[in-house]
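As a plain string of letters, each chain reads:
There are 2 protein chains.
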Amino acid sequence: MSQNNASPVSRSLLTPLKFLTRNAVTYEKKIAVVYGERRFTYSEFAQRVYLLASALKKAGLRSGDRVAFLAPNIPPMLEAHFGVPLAGGVLVAVNTRLASKEIAYILQHSGARFLCVDAELADLIRPVRSELPDLEHVIHIDDEVKLQSSPEGGLEGPEYEEFLQTGEPTELPVSIEDEEEIISINYTSGTTGRPKGVMFTHRGAYLNALGELIETGLTCESVYVWTLPMFHCNGWCFTWGLTASGGTHVCLRKFDPAVVWRLIRDEGVTHFCGAPVVLTALVNHPDRPATLMPSVTVGTAGAPPSPTILGQMGELNAKVVHMYGLTETYGPHTVCASQLTWKDLPADERAALQARQGVGFVATDPVRVVDENMQDVPSDGVTMGEVVMQGNNVMKGYYNDPKATATAFRSGWFHSGDIAVMHPDGYIELRDRGKDVIITGGENVSSIEVEQTIYRHPAVLEVAVVGVPHEKWGESPKAFVTCKEGASTTEEEIIEFCRGELAHFKCPTTIEFTALPKTSTGKIQKFVLREKEWAGREKRIQG
Amino acid sequence: MSQNNASPVSRSLLTPLKFLTRNAVTYEKKIAVVYGERRFTYSEFAQRVYLLASALKKAGLRSGDRVAFLAPNIPPMLEAHFGVPLAGGVLVAVNTRLASKEIAYILQHSGARFLCVDAELADLIRPVRSELPDLEHVIHIDDEVKLQSSPEGGLEGPEYEEFLQTGEPTELPVSIEDEEEIISINYTSGTTGRPKGVMFTHRGAYLNALGELIETGLTCESVYVWTLPMFHCNGWCFTWGLTASGGTHVCLRKFDPAVVWRLIRDEGVTHFCGAPVVLTALVNHPDRPATLMPSVTVGTAGAPPSPTILGQMGELNAKVVHMYGLTETYGPHTVCASQLTWKDLPADERAALQARQGVGFVATDPVRVVDENMQDVPSDGVTMGEVVMQGNNVMKGYYNDPKATATAFRSGWFHSGDIAVMHPDGYIELRDRGKDVIITGGENVSSIEVEQTIYRHPAVLEVAVVGVPHEKWGESPKAFVTCKEGASTTEEEIIEFCRGELAHFKCPTTIEFTALPKTSTGKIQKFVLREKEWAGREKRIQG
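Chains A and B, in that order, are what the protein sequence lines are. Quick note, the numbering used here runs 43 ahead of the 1-based positions in the first sequence. Quick note, the numbering used here runs 43 ahead of the 1-based positions in the second sequence.
There could be a bad hint or two in this list.
Result set (DSSO-like, lysine-lysine): computed pairs, CA atoms no more than 27 angstroms apart in a straight line [stated by the list, open to error]:
(1) Lys386(B) - Lys72(A)
(2) Lys73(B) - Lys362(A)
(3) Lys386(A) - Lys515(B)
(4) Lys362(B) - Lys515(B)
(5) Lys362(A) - Lys72(B)
(6) Lys515(B) - Lys73(B)
(7) Lys386(A) - Lys386(B)
(8) Lys386(B) - Lys73(A)
If you're looking for bench data, these hints aren't it; they were derived computationally from the structure. All of these numbers come straight from a predicted model, not from anything done at the bench.
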């Protein structure tokens, strides 16, 4: 029944920008941002955002322009999540762990006209500055780290705080006309060689932010420490979700367990997020307290948390909310919703249930696990299939890549590439997190991308890269290489070659020179290599 | 920036129906509904909803058909909130306190083809059954109260449980094509004589339900007792919001403080809602416990809670969430968001701050207080203006009443008719809850409607009705009557006359025969009558 069309009186656009304008009034005098000794109230936070937005417009930002930020979890990075879209721009928050060439590719592909770069990261930009003709405006952040002059130059343009002063501190109207306009592009390495630009919409970001708020129980009394990089899916949308709750953002230039424990104690932290590797680093640090009071909620995703870490967090009185998602789903999309009855189970049984990826958020649509014909696999906890999603928390598509979008969206569903089973209780559990993706220290590494790099070495005939166990990072890339006839190279040379092309975390830590196992049709059997490496160990990836 | 149109892969319709289909799986074995000794799990709740929806379709329900329910807060009423729209219908939940003629008007105006009526309320329908030719299907509920045969007959058709058995217990797809289709029509008396049908959309109900969930902190551990009638704005959207959280609905045929206290104790109730008059009835009852453990959250709206009741609820360890809204805003629209700093204030200062209506929900758009030229009044806490709203939590319009809709939506904003001030901290505070509306026991009574009724008495020349203090109900209607020359009548006769036309709670409790105070242009000065009645008392309405 659709009597009349809805009047504009009864319809407003869903955008997370409204969370800030609302709380700039509601929590005017409450602390919104903590960074070292600095404190910004919600009113000051909003004013800085208005300054940024109007300064960008004054500098010539046009609606839809991409604005890149290369910065750690410091206040300007948080401000960018509101100021850039409020100016009508699209935020491109770049992974600070990438190599110069990778960053250059992202800036080129997104066509960014503006870049705001932290002084600490300026050396990543200088060598590629000349390759970025579209980049008209560079702003640098002189924060704890000051910009050093360099013979390469390349960082013309104002300092961030000076740039803000060219704007106006008064509220700007939200300029979008459609809630499905793009708010940000997040580049992911995925499983193919080149990074792809995942487009988030205002509507999707709004709904996902409220979803995160609900699933992790954020309120105006929440204090959230930024252990999770904001360049990961806009901080899993907590940049917006925490602001919606009226809670306090505790910014952090660099993850350091000692500093995080101090902040948890001194700032009364109630919430943080991170991959299980972050939790492991925290609980194994000597500054770890005997117990957390009051209890802290920890959102984790990126890899299934082990029963060990769940048990350790439990001892600390922390509540772990285990979530799962991809950049293409605005970050977390499912949650392992706790059942009241689990409380009575033995710790190991409970941990096994909690290590599953669970069910769609209340604000998302249900996830499915399907076979190659898009039929649901039986809910038997055994039959494997691919996780597919649909709905408001699926990206709009890959920026300027209709082919990749069509592939990912085939049959009308987003194909995660992740292999899972469906349990009888409707909870999914991953069996393979993307066939070939290596997760090292919470970062996704595409084995194909590393292979393509190594393939460029003149001595290499064939190469296969898989994740192998690594004590600190969970896993790390290992390359199996066959040399061309008559040619030769060394482990050191290949690793050095990769370091010239890729972020260090993507580079293999070991090279083995060997013949590669193949199928009868000549396809390299990576699973054979993986199985050998993981023999006798509890392997994250069992596919 | 709007590259491509959003694919259906990345957009799904916002509808509260998804909360139930999601939790039918996620909380399959968890108790969803408690009613006396009866217990339904989420799976059973959903199955009953699927039965209802498919039974309605099988009985001939067409998309957009209105389905009226006249029932107390029992499971079928809750099931209707999902089953009717899932079948493609529009729910009309009728106020059970109305008189036969008023109910007949609502059924006629909405053109309801289906009516489900509780046996206890059957006598309201029998006398008017013949006036309802559009009403093709009547279903009756034989619950605690069984249907009595009557010489008037008029209740052909199946019993509810039998009717359910004509359906199928399997999930039905959501049949709407646009999230702005109508999910329900809620009739309000407003300030004019005839009830108006306020149209709620799926999108609006979805967003308001999540708003209620967030503002009152509902989780899967919540247990909510239905003290608030579901026929009031679909239970302020808690029918949908609590279901979204996975919490437990405790149904209740009749509000009785002793029963509510028992349920709070025996069922572990964590949340309930009600007008301040409901809270007063509870705290003044002998069964009141010394303290509530664990703390209970109480949503209140409909009138500002007095410092006395706020203090009493605080003593009980209850958290009061004070909200404000109208039927036209899906129920509560603003919340008196608590500031952390208020905790340190003396109880009376804190109560005065908490008695304000506050700020828009996080999921709504900000409210304004404007003068007659739609200019914001100064934020001085003194200058009065009208509260106006806009956005997803404003009704789509009045059903089949474009003229009333246009009036309410003039200047592009919904005009609440409520008079308020804006405080310097951005919180609104009502000064007059609708110029002439009388709020008695949490029910709105239109003084105009009562006047129009009394005007129909042959002896009456002029009449003015205002709210006067009433110990139990907060206020009650009093009529000031001038008789026609040579005619005469009595207080008893007028009251009896009204009782034949109106719900009893709308009928005046006192009649005073007097000349009416008027302006020089002959307009009756109701404020003069009100001021005299409220002299020396702390008056709710100061306008």
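Going down the list of hints, with the structure as the test:
no., hint, in the structure
1, Lys386(B) - Lys72(A), "15 angstroms, holds"
2, Lys73(B) - Lys362(A), "21 angstroms, holds"
3, Lys386(A) - Lys515(B), "45 angstroms, violated"
4, Lys362(B) - Lys515(B), "23 angstroms, holds"
5, Lys362(A) - Lys72(B), "23 angstroms, holds"
6, Lys515(B) - Lys73(B), "39 angstroms, violated"
7, Lys386(A) - Lys386(B), "33 angstroms, violated"
8, Lys386(B) - Lys73(A), "14 angstroms, holds"
The structure does not agree with the numbered hints 3, 6 and 7 stated previously, though it agrees with the rest.
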